[in-house]
Amino acid sequence: MIKRKELDEGLDQLNKMLQEMGDHVESALAKSMHALMTVDAKEAAEIIKQDPELNRLEEKITELGSKLIATQQPVAKDLRRILVAFRISGDLERMGDLSVDIAKVVMRLEGQTLIKPLIDLPRMSEIVQTMIFESIQSYVQENVDLAYKMAKDDDEVDALYSGIIRELFSLMVGDPKTINQSMLLSFVGRYIERIADHATNIGESVAYLVTGKRPDLNA
Amino acid sequence: MKQIMEIDRLNLHYGEFHALKEMKLDIPERTITAFIGPSGCGKSTFLRTLNRMNDLVPGVRIDGSVKLDGQDIYGADTEVETLRKRVGMVFQQPNPFPKSIFDNVAYGPRLHGIRDKARLNEIVERSLRGASLWEEVKDLLNKSALSLSGGQQQRLCIARALAVEPDVLLMDEATSALDPLSTLKIEELVRELKQDYTIVMVTHNMHQAARVSDRTVFFLNGELVEADETEKLFSTPVDARTEDYITGRFG
Numbered sequence: 001m002i003k004r005k006e007l008d009e010g011l012d013q014l015n016k017m018l019q020e021m022g023d024h025v026e027s028a029l030a031k032s033m034h035a036l037m038t039v040d041a042k043e044a045a046e047i048i049k050q051d052p053e054l055n056r057l058e059e060k061i062t063e064l065g066s067k068l069i070a071t072q073q074p075v076a077k078d079l080r081r082i083l084v085a086f087r088i089s090g091d092l093e094r095m096g097d098l099s100v101d102i103a104k105v106v107m108r109l110e111g112q113t114l115i116k117p118l119i120d121l122p123r124m125s126e127i128v129q130t131m132i133f134e135s136i137q138s139y140v141q142e143n144v145d146l147a148y149k150m151a152k153d154d155d156e157v158d159a160l161y162s163g164i165i166r167e168l169f170s171l172m173v174g175d176p177k178t179i180n181q182s183m184l185l186s187f188v189g190r191y192i193e194r195i196a197d198h199a200t201n202i203g204e205s206v207a208y209l210v211t212g213k214r215p216d217l218n219a
Numbered sequence: 001m002k003q004i005m006e007i008d009r010l011n012l013h014y015g016e017f018h019a020l021k022e023m024k025l026d027i028p029e030r031t032i033t034a035f036i037g038p039s040g041c042g043k044s045t046f047l048r049t050l051n052r053m054n055d056l057v058p059g060v061r062i063d064g065s066v067k068l069d070g071q072d073i074y075g076a077d078t079e080v081e082t083l084r085k086r087v088g089m090v091f092q093q094p095n096p097f098p099k100s101i102f103d104n105v106a107y108g109p110r111l112h113g114i115r116d117k118a119r120l121n122e123i124v125e126r127s128l129r130g131a132s133l134w135e136e137v138k139d140l141l142n143k144s145a146l147s148l149s150g151g152q153q154q155r156l157c158i159a160r161a162l163a164v165e166p167d168v169l170l171m172d173e174a175t176s177a178l179d180p181l182s183t184l185k186i187e188e189l190v191r192e193l194k195q196d197y198t199i200v201m202v203t204h205n206m207h208q209a210a211r212v213s214d215r216t217v218f219f220l221n222g223e224l225v226e227a228d229e230t231e232k233l234f235s236t237p238v239d240a241r242t243e244d245y246i247t248g249r250f251g
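Heads up: the sequence lines are chains U and E, in that order.
Under the UniProt record's numbering, the first sequence has 179 at position 179, and the numbering climbs by one with no breaks.
Under the UniProt record's numbering, the second sequence has 95 at position 95, and the numbering climbs by one with no breaks.
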């Protein structure tokens with residue numbers, strides 16, 4: 001018979017580490033956007049320095065999940081919970097990397113003045129930060145409705161991203177001197193958009209955890 | 001797929017105690033069906049109704065129908081001896097007769113009137129091969145069956161059951177008294193046997209059910225809670241009680 005206590009404690013531990021990763025990613029994105037708006041290379045460097053912590057948590061989740069599978073033979077939802085922890089931690093780790101990519105853009109912008117006031121990028125980032133928070137909440141509460149609601153916000157993120165690209169493109173056409181910065185800012189838009197995609201992946205994992213079926217929320 | 005056994009509205013009472021309640025189950029031919037559930041849930045009792053092993057239990061009352069190839073095994077025209085030839089059984093403790101290995105396997109065929117030595121030789125070899133025991137005992141056929149290890153004895157009991165060419169083989173916790181390696185051998189054997197036989201097994205080891213069977217049936221308090229493909233039952237069971245049991249929340 002399964003030693004339920006050890007399994008339950010392990011699953012709790014996985015939950016906690018995923019929440020910790022989620023908090024970390026949410027704040028890494030917020031900080032990297034703040035660093036971008038203020039072109040603060042020091043803050044950017046700090047974000048890059050903290051990223052290995054996320055990788056370490058992802059590794060710990062892989063280790064603990066593997067140990068639980070090997071020693072506790074989980075089935076049904078218990079097994080899905082572990083499989084989903086692997087996936088979500090992978091998504092969160094990539095989200096962390098993308099936040100680091102934004103910080104690296106800030107490093108390259110060091111000493112420059114922004115070619116335009118940033119409005120849509122911070123808006124995009126705010127929506128995505130909420131998505132990150134809600135994706136983790138939907139996991140913790142096993143709330144599929146919240147996962148679907150969160151995934152819907154991705155449409156708005158995609159719309160904002162298209163608008164940003166169009167705007168930056170016309171800037172570049174009007175003044176070739178803005179090309180370098182416009183490219184970097186469009187990368188930032190791309191990174192935020194990718195983070196949102198990973199958040200919807202988390203929503204899919206939550207639906208799979210609860211229902212046993214995997215929907216496609218990115219469609 | 002053909003259903004070799006069809007059980008419908010089967011109820012079993014021990015005196016006042018309602019041990020099996022309104023059981024309904026189809027068992028497809030040449031598959032492995034595993035029965036799981038906590039102690040006292042009725043899984044072994046149910047298994048025993050499939051070849052009328054409960055008939056002699058005092059105070060037992062059985063109603064409903066159990067059909068083998070469309071014929072009710074509790075019907076007036078069914079002979080228990082013929083039924084048990086078609087539905088063989090292997091028990092938890094290996095129970096070879098205190099006779100030679102050869103005589104153990106030849107026991108059933110002899111009982112059914114086969115006397116020809118060459119024919120018996122052929123049946124014994126085929127049955128022992130079928131039970132993956134031939135290579136280990138082919139030079140020891142006249143030795144006492146009791147000189148074999150527990151795992152070998154259990155495979156001998158399987159060979160003995162196969163010797164009368166049954167259609168269905170019932171296994172009542174047939175590996176629970178064996179060490180892990182012997183258990184693994186029997187599990188592999190069972191998977192091979194399903195090419196020719198229909199196997200119904202009761203197991204206390206859920207993971208054995210998950211590893212070996214095609215279909216799994218979960219019993220609780222004399223009720224048949226859920227029957228489904230094993231893969232489905234262990235990944236996304238429909239009934240919350242099934243999920244609670246297979247994830248170890250009770251039982």
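Bear in mind the hints are in silico, worked out from the structure with no lab data behind them.
Predicted model only: the values in this text are computed from it and were never measured.
Note that beta-carbon positions come from the ideal geometry of N, C-alpha and C, so glycine has one too.
Warning: the hint list may mix true and false statements.
Short, incomplete list of chain U residues facing chain E, as computed with Cβ under 8 angstroms [stated by the list, open to error]:
#1 R4
#2 I69
#3 T71
#4 K77
#5 E134
#6 G212
Stretch-level coverage of chain E by chain U, calculated; a stretch enters the list once three of its residues show a Cβ under 8 angstroms from a Cβ in chain U [what the hints assert, rightly or not]:
#7 139-145
#8 238-248
Original post:
What are the numbers of the hints the structure violates, in ascending order?
Top reply: 2, 3, 5 and 7
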